[in-house]
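A.B. asks: Here is what each chain is made of, one letter per residue.
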Amino acid sequence: DSGVTQTPKHLITATGQRVTLRCSPRSGDLSVYWYQQSLDQGLQFLIQYYNGEERAKGNILERFSAQQFPDLHSELNLSSLELGDSALYFCASSPRGGAFYEQYFGPGTRLTVT
Amino acid sequence: AQTVTQSQPEMSVQEAETVTLSCTYDTSESDYYLFWYKQPPSRQMILVIRQEAYKQQNATENRFSVNFQKAAKSFSLKISDSQLGDAAMYFCAYRSAWRGGADGLTFGKGTHLIIQP
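Residue numbers (the numbering used here), protein chains in the order written: chain A, 160 to 273; chain B, 181 to 297.
Treat the hints with caution; some may be incorrect.
Subject to a maximum C-alpha distance of 20 Å in a straight line, what follows is the list of computed EDC-like cross-link-like pairs (lysine to aspartate or glutamate) [stated by the list, open to error]:
id, chain 1, residue 1, chain 2, residue 2
1, B, K253, B, E209
2, B, K289, A, D199
3, A, K216, A, E261
4, B, K235, A, E261
5, B, K258, B, E232
6, B, K258, B, E190
Example chain A residues on the side facing chain B (calculated, C-beta under 7 Å, incomplete) [what the hints assert, rightly or not]:
id, residue
7, F204
8, A215
9, G217
10, F264
11, P266
12, G267
Take a look, some chain A residues computed to stay more than 10 Å from chain B by CB distance [unchecked claim]:
id, residue
13, G162
14, Q176
15, R185
16, S186
17, D188
18, L220
19, P229
20, L240
Everything labelled a hint here was simulated from the structure, so no lab data went into it. Heads up, the beta-carbon is just placed ideally off N, CA and C, and yes, glycines get one too.
Make a model of the complete structure from these sequences and hints.
C.D. replies: Pasting the structure below:
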């Protein structure tokens, strides 16, 4: 158990809908990362937050957005869902944002768009 | 942009034998970190080993060791005395040390490791 929690574990929704994935980082970790794992794209970095502020963007679609709240939990919002958004979405956290710090991954949220 | 290539989609090894997984990367940066992550059937991402580019000494963690060749941009993972629990997808990953931590990991496509009993 990494100490990172993600809810829900599974999510099934229809095309065009909007969903919110939630992540609670390890206690004390200030930095949160979101990753998407799909058969087509593999594992790719979406976005990073550090202590409530957006720190870096990766291959995140405009239909997707995220935020980190004062209690440091984070949410990833996916809207106008398409079949190709079906994937495993991971949240990871680290004590600080620096590359030196290990990222601890949560168990993931499996999103299925039908 | 950095890229990470794992040229072996699948590898098979007999239990107790040694196996080496390959990874190459492309970067113009001189300071970075390299990682091997394991993803078992549970889908949990588990850090196996980490290498700092400025360290010439190859990292080791128990049965896991790396062969880091900076000039060749190669970062292979050697698993000694393979165990059934080592069966998983293995991902090589890169992270820049230049951006003040403002980025994420860049992953390869992964290698599926099968352990034959």
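A.B. asks: Determine for every hint whether it applies to the structure shown.
C.D. replies: We went through each hint and held it up to the structure:
Simply put, K253 (chain B) and E209 (chain B) have alpha-carbon atoms about 11 Å apart, close enough for the 20 Å limit, and the pair holds. Restraint check for K289 (chain B) and D199 (chain A): the C-alpha separation of about 10 Å stays at or below 20 Å, so the hint holds. At most 20 Å may separate the alpha-carbon atoms for a hinted pair to count; K216 (chain A) and E261 (chain A) meet this at roughly 19 Å. For the hint pairing K235 (chain B) with E261 (chain A), the CA-to-CA distance comes to about 17 Å; that is within 20 Å, so the pair holds.
Pair hint K258 (chain B) plus E232 (chain B) holds up; C-alpha atoms about 17 Å apart against a cutoff of 20 Å. A distance of roughly 15 Å separates the Cα atoms of K258 (chain B) and E190 (chain B); the hinted pair therefore holds under the 20 Å criterion. With a least beta-carbon distance of about 3 Å to chain B, the hint placing F204 (chain A) at the interface is held under the 7 Å criterion. With its C-beta approaching chain B no nearer than about 4 Å, A215 (chain A) sits inside the 7 Å limit, and its interface hint holds.
For G217 (chain A), the interface hint holds, since its Cβ comes within 7 Å of a Cβ in chain B; the closest pair sits about 5 Å apart. The beta carbon of F264 (chain A) comes within 4 Å of a beta carbon in chain B, closer than 7 Å, and the hint placing it at the interface holds. At a threshold of 7 Å, the smallest CB-CB gap from P266 (chain A) to chain B is about 6 Å, leaving the interface hint in force. A distance limit of 7 Å between C-beta atoms decides the matter here; for G267 (chain A) the minimum to chain B is near 6 Å, and the interface restraint holds.
For G162 (chain A), the condition that its CB be more than 10 Å from all CB atoms of chain B holds, with the nearest at approximately 12 Å. Every Cβ of chain B is farther than 10 Å from the Cβ of Q176 (chain A); the closest lies at roughly 23 Å, confirming the non-interface assignment. Non-interface status of R185 (chain A) relative to chain B is upheld: no Cβ of that chain comes within 10 Å, the nearest being about 13 Å off. No Cβ of chain B approaches the Cβ of S186 (chain A) within 10 Å, the least distance being about 19 Å, so the stated non-interface status holds.
No Cβ of chain B comes within 10 Å of the Cβ of D188 (chain A); the nearest lies about 13 Å off, and the non-interface call holds. With 10 Å as the threshold on Cβ separation, the claim that L220 (chain A) sits away from chain B holds: the shortest Cβ distance comes to roughly 15 Å. Chain B leaves P229 (chain A) outside its interface by the beta-carbon criterion, the shortest separation being 21 Å against a cut-off of 10 Å. With a minimum CB-CB distance of about 21 Å to chain B, L240 (chain A) clears the 10 Å threshold, and the non-interface call stands.
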